[in-house]
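**Q** So the chains spell out like this:
Number of protein chains: 6
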Amino acid sequence: MVDVIALGEPLVQFNSFTSGPLRFVNYFEKHIAGSELNFCIAVIRNHLSCGLIARVGNDEFGRNIIEYSRAQGIDTTYIKVDKESFTGIYFIQRGYPIPMKSELVYYRRGSAGSRLSPEDVDEKYIKSARLIHSTGITLAISDSAKEAVIKAFELAESRSLDTNIRPKLWSSLEKARETILSILKKYDIEVLITDPDDTKILLDVTDPDDAYRKYKELGVKVLLYKLGAKGAMAYKDSVKAFKEGYKVQVEDPTGAGDAMAGTFVSLYLQGKDVEYSLAHGIAASTLVITVRGDNELTPTTEDAERFLNEFKT
Amino acid sequence: MVDVIALGEPLVQFNSFTSGPLRFVNYFEKHIAGSELNFCIAVIRNHLSCGLIARVGNDEFGRNIIEYSRAQGIDTTYIKVDKESFTGIYFIQRGYPIPMKSELVYYRRGSAGSRLSPEDVDEKYIKSARLIHSTGITLAISDSAKEAVIKAFELAESRSLDTNIRPKLWSSLEKARETILSILKKYDIEVLITDPDDTKILLDVTDPDDAYRKYKELGVKVLLYKLGAKGAMAYKDSVKAFKEGYKVQVEDPTGAGDAMAGTFVSLYLQGKDVEYSLAHGIAASTLVITVRGDNELTPTTEDAERFLNEFKT
Amino acid sequence: MVDVIALGEPLVQFNSFTSGPLRFVNYFEKHIAGSELNFCIAVIRNHLSCGLIARVGNDEFGRNIIEYSRAQGIDTTYIKVDKESFTGIYFIQRGYPIPMKSELVYYRRGSAGSRLSPEDVDEKYIKSARLIHSTGITLAISDSAKEAVIKAFELAESRSLDTNIRPKLWSSLEKARETILSILKKYDIEVLITDPDDTKILLDVTDPDDAYRKYKELGVKVLLYKLGAKGAMAYKDSVKAFKEGYKVQVEDPTGAGDAMAGTFVSLYLQGKDVEYSLAHGIAASTLVITVRGDNELTPTTEDAERFLNEFKT
Amino acid sequence: MVDVIALGEPLVQFNSFTSGPLRFVNYFEKHIAGSELNFCIAVIRNHLSCGLIARVGNDEFGRNIIEYSRAQGIDTTYIKVDKESFTGIYFIQRGYPIPMKSELVYYRRGSAGSRLSPEDVDEKYIKSARLIHSTGITLAISDSAKEAVIKAFELAESRSLDTNIRPKLWSSLEKARETILSILKKYDIEVLITDPDDTKILLDVTDPDDAYRKYKELGVKVLLYKLGAKGAMAYKDSVKAFKEGYKVQVEDPTGAGDAMAGTFVSLYLQGKDVEYSLAHGIAASTLVITVRGDNELTPTTEDAERFLNEFKT
Amino acid sequence: MVDVIALGEPLVQFNSFTSGPLRFVNYFEKHIAGSELNFCIAVIRNHLSCGLIARVGNDEFGRNIIEYSRAQGIDTTYIKVDKESFTGIYFIQRGYPIPMKSELVYYRRGSAGSRLSPEDVDEKYIKSARLIHSTGITLAISDSAKEAVIKAFELAESRSLDTNIRPKLWSSLEKARETILSILKKYDIEVLITDPDDTKILLDVTDPDDAYRKYKELGVKVLLYKLGAKGAMAYKDSVKAFKEGYKVQVEDPTGAGDAMAGTFVSLYLQGKDVEYSLAHGIAASTLVITVRGDNELTPTTEDAERFLNEFKT
Amino acid sequence: MVDVIALGEPLVQFNSFTSGPLRFVNYFEKHIAGSELNFCIAVIRNHLSCGLIARVGNDEFGRNIIEYSRAQGIDTTYIKVDKESFTGIYFIQRGYPIPMKSELVYYRRGSAGSRLSPEDVDEKYIKSARLIHSTGITLAISDSAKEAVIKAFELAESRSLDTNIRPKLWSSLEKARETILSILKKYDIEVLITDPDDTKILLDVTDPDDAYRKYKELGVKVLLYKLGAKGAMAYKDSVKAFKEGYKVQVEDPTGAGDAMAGTFVSLYLQGKDVEYSLAHGIAASTLVITVRGDNELTPTTEDAERFLNEFKT
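Residue numbers (UniProt numbering), protein chains in the order written: chain A, 1 to 313; chain B, 1 to 313; chain C, 1 to 313; chain D, 1 to 313; chain E, 1 to 313; chain F, 1 to 313.
Careful, some of the hints might be misleading.
[Said to hold, decoys possible] Derived DSS-like pairs (lysine-lysine); straight-line CA-CA distance at most 25 Å: (1) 168/C - 83/F; (2) 230/B - 312/D; (3) 101/D - 124/D; (4) 247/C - 312/A; (5) 175/B - 83/A; (6) 247/C - 230/E; (7) 80/D - 230/E; (8) 101/C - 236/E.
FYI, nobody ran anything at the bench for these hints, they're computed from the structure.
Here chain A stands alone, though its shape is the one from the complex:
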């Protein structure tokens, strides 16, 4: 039994060894990723236990995901090997056409991971956890995956959600808005992780205070509001915290938000205040963007502490 459970699709990532359009890249570096898997690793680095409910294909990439997850301490009991489909993968194009930004090319349609379904959600497992996490990605990849999240949220003691709207995965932004809003309306969300772009889609506002007010009305208790390179904000009751981003050499920003989210939620669950949790979240996202790979540099609580004490940008 674990403290936190996430539902989502773990993926194999092929990161460009050199920057630029993929057609000019000769070598690709393999990493294991996926928003919820990244989140789990951040939770664990901050000393809570975490399980992932997911499906992978009966293939080398699926085995790779399970072995990596196990190595990183994720409870893999509920990562199911689905013999009917393949493991989802994606490629990362870095630095083109926007320096320090990445573009993702997915090969995940119909993947084992997208076949996640309510039958994969074990009631007892869910009920034993302190918090259930998922993201807008899982809501987007298939109806059955969305239903799995709904079943888990239904049974959950508390919930966190990262809106994570990836336009490529939704038939329309309207569909994204509708789906995510219906979740927000139906379930009290302990921690909502989002940003101005997603909030624009969902609530047609971008200002952080407006966003918090509106999300609060929808039952959100704590808001983690990511501002990209500028940093992030966190709201809880009357507390409003802001932590500026650090200036570092960016290799690949992919996964930074997940590291921040998992770190924040893990510390928050352990009773840390939002300022502390936010600062650690920023430390995590800052480290993650300095390298290829989404979760290898997610710091432990102690290492984030060192970062926050010693790093002068």
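The hints should help you fit chains B, C, D, E and F onto chain A, whose structure is shown.
**A** Then chains B, C, D, E and F, alone, in the frame of chain A:
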């Protein structure tokens, strides 16, 4: 207008930088491949012109295929960018569980390449060519692709076919047998490229002489019969040629058969006898297996000549 | 027939895999470059057609240049294989002794490329183009190459010239000054690309306004004045535009000026105003300096647009 | 509780990226290895469970060993983090001065792994297992490690031992002989793994039949006698099996014997006969020597089966 | 006979090919380093001769150090091959948990280098040199190494010392303080190289002026006071110089201080004033941090001059 | 003063990281080579001292050659930096069109190395040596280089010559024949190193016995007759020795002959008999062909001994 036209799906290949199960491979090397594309390059290295009828996605990998094809001299006029789907790719696992053998992991279901259809086959273009080539792979990837081959064969002056049965691409071997046999029955094949495994499936024989006799009855004029590391045979009328394989350090055998086929067909079309064409085909396949990449080492006629004169195994 | 034609020497570039003095570099990464080839690719990415008049050796590096050019859409009809000489190459030492700067080590004296001569310049081809481009490099590498430029400029409808004074290629700066000035005096230049260092040599001024006034007197219509990391200026008639450079992580600045020049000229030829053309030129040069390789990241018009809209430094 | 338990020192391996004297090697590839860890992975690939009793340092390399072991399915409950010392490592020099052979350079004296001691051996854990395995390496690295093996062997239901005499680790060969012989005399060994070199030291014979007779007198039930590239033999009661080695391209022979031993013991424990177990052991060692890394290519039972059916050398 | 002699332990460095915790690093790049060896190379690049008194093991890594030193022009006459022990090595973890900072993992306890002893110090050799250099590292690694430094300082005409307190190498900071202070009290130091952290430990002050006053009382003639990314200060008599650090892309700061120290001391010995020597020292340290490797980019006097003239941050 | 002196051009080698036509190679690995430099290293590995008389350019590659030579123990006193020209380089294409063979692409015409001249040959230095070595390459690269060899041979106590006819470097084979024969006629050669191809050109025979008889008539005392993969023969007086080649995995045969020659000559000079010297020469050439790089794996006398005792092909 070109001498030879091939129909098939060009793919981006991600070849393992190190041998072994894919989950232990950290780096992948990108190459451009696909059986018919490999065939075209062999045709061109032997100084005939060649065009490829195919579809790729509207993405970096699609652009990569077109640019590489153009670089290698393939006529890309009929490589269509299909905005409805993605470019097919595959991974190569080398040396496990069989040393010197490779296993392919495809991400091509529903790809742009598999959406090849009769509408992509331009009558005038086909009629202007001396020979139309395709493979069992194109027959397997979709009904529309199969129909495209049939349309082209219907219009063709002469035809070559590589049976190339990839069990992963067929719903059943029975289906493969039926489809390929119906083609063989319907059209006179100038050059058939096959091997004992495929012939076992198609005709339930493996012995080369038996195979030739049976294929001949089906209208095959020339048979190129590949025997793996042992070498290959070629039959035409009363001529029966055998060329032993060379012993070299194997890096990846993928693509060797295509290089042999394209070389053989190109030389045969230029009036070379089967012994000569076969020897050059063996030179081509021998070089290709010494490296990652399916077509970079396919030799020109002159370089194959040097190989045949100078290489002492 | 193409919109733009450039005359110059394409080269194979061996870029240091790690920074520092070449003697400490263990691996070199091959790229295809050369100022005019880089220019052509920028022209094409901005949707005009472009041909390169050049010579390469009858060797693998020559074939590499032709194949790469063809892949990138350059009209290679007038890239001649010169059996009398070898293909020119160069090495790039990065980051020493000046961080973020590169030093070039040429092996091009007597190369096929430097044997470019007036006989390579086809009158009909030149006359069919809207603009002929060359650089101070081509003027420097040999008398016959200089004569080729002069013949082409003589026949041209309009001309662009990048002064590009590389002291290593000239017997003296005086010689460079004299040669380039004589061209400027003899031919109306539609677009002159230069910078304060070259202008100091040519006209003994560095101030942009002074430079423009003097170049204008010499018949230059549009001036693109590159200011390195600071950005660039463009002058046309009474319009004076300045675009600040973006701050990015510099890998190798080589080729940035060519990308800017080709982008600017291509857009200008399509009727874009100088501000637009300049901004796109800056986008191109900014992307190019973030990687090894001179032209792979040169953006399309659309991608530069995205860059200009989305990139926050 | 697990089927098999091994005691020994897991190590981080730095394998030369290129062959030759270490001073000419610029890059090193990290792997996780150690004779007993390799053995465990072979046991697991053949579908028994396996635990490793060991110590690692409180450092990144120690964490690396634990994470990798966990990923590969090893029970890591008894891998203790010893804060008093560091994790042992070694470098592999390949192909010099003997082609296809490797030399090991250890940095393990005083390592955490060598501090393994009887207190690390949990009686209940040992008694629950079907077989306890160790090697001459563990007997050599320290007195406390030797005592740990003795304690475990004392409590064990059955035992396997790989003599594995590494002269660098012993003060003298005499000491090695004495120590190992005393173990052989004191405990019945279910499976002894050894070779002519070690047997020469231990019993002053090298002939397989002589060796088996003498080992049998010492209470050995099954003998796995490794003959390097020639293959291996196995003896049990009156059965004497020989399996010839396969000719493959050798990258690094390190770890081949461990893969063979673990495979053989795992299958033998599952009731397979010695011929079957031996053949699978040879398949395992053959695959392992084709790559850098000691255990990544150790095949599953099913994959070894494919190897044995399909591999033609 | 040489101008400068340094005493210390040369080491083989294994630098992470990618940033992050060592357990996630797959490839390591070998360099030759060690504080005093780095110092020597800086001395030589500034055109004085330099010898290193040291021990290495009788192994490939020892040979590597000697060959590299010889290549770089270090007098290796007194680098002794000690057959009793091994060559010390270390790993560099980059960018975690602090971006742009590195952590060192040593395998040097009991190494040949730490066995440096007074018997290695040749009186005539020492007396022939203009300056003897060592660091707090050599004072820390063993009593015999400390005694070697004392013997050399006793015989020296003049001395430079870099305090270089590495907590991992000292039993306690108190021990470090005591040892270094006793050296400072006993010998007049021509040039002391230190920083606020070390000065805090030694004198319980950090302010540069305070530090200089106190060090001066202890007989220090010239003080080079390193301020990390901020730059450095130098004091001599009434001269107080400050040179700001340059902003560059940091790959690995290891070795920067040694390059600065060796450059400063070499130029100072040649009669350059402290401003000049300091500026060159900053140029050296700036270049060194842009790459992996401690000394490859240490500039010659002329190259530093170019840097100082041309580099605009 | 040294035992052996060689005259020739050291070169920087850029070896293909992957096999195949150079245009498909993306990365190149730098090595230091040149026939006479390789020879020198072999001499030194076998414990005689050796100096190289040569010129390099005043550039990074020239410095690279000097530093590497110094590292490997070559006396570099007479490697002159020639400011008038550049350092010669070459590329190696491996495995195409002949597997296991390499093709060299030179950029050395007019190089500093080819400007070697009699003025570089110091009489005292030459006279102090026991043997002067050069090759047909040095005789081919320029008249002044040839004259340098003649001057050195004139002054020499004894001489060795490797015929090493590289057709690309000679205007005609006739010229090669004439030049080398005139040397053979004019000077007694202590050791001649050659092979059937060169002997065919020189004497129009290939049979070893015939060759020896004819060379002997020309004053050759000892003949080392290389037979490629088959092995080599050596003749002295009435002794005729043959040593078969070993079968190993070939990476790049370049430099194998130089390693054999230097090893043979060095041992012969130390009084070893031809069988012993030949066997060690074969050990050296066998090791060299297993890697990229011409001299890194050239074994010491002791390591060759181990090879000869332990290597079972």
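**Q** Hint compliance check: list the failing hint numbers for this structure, sorted ascending.
**A** Violated: hints 3, 7, 8.
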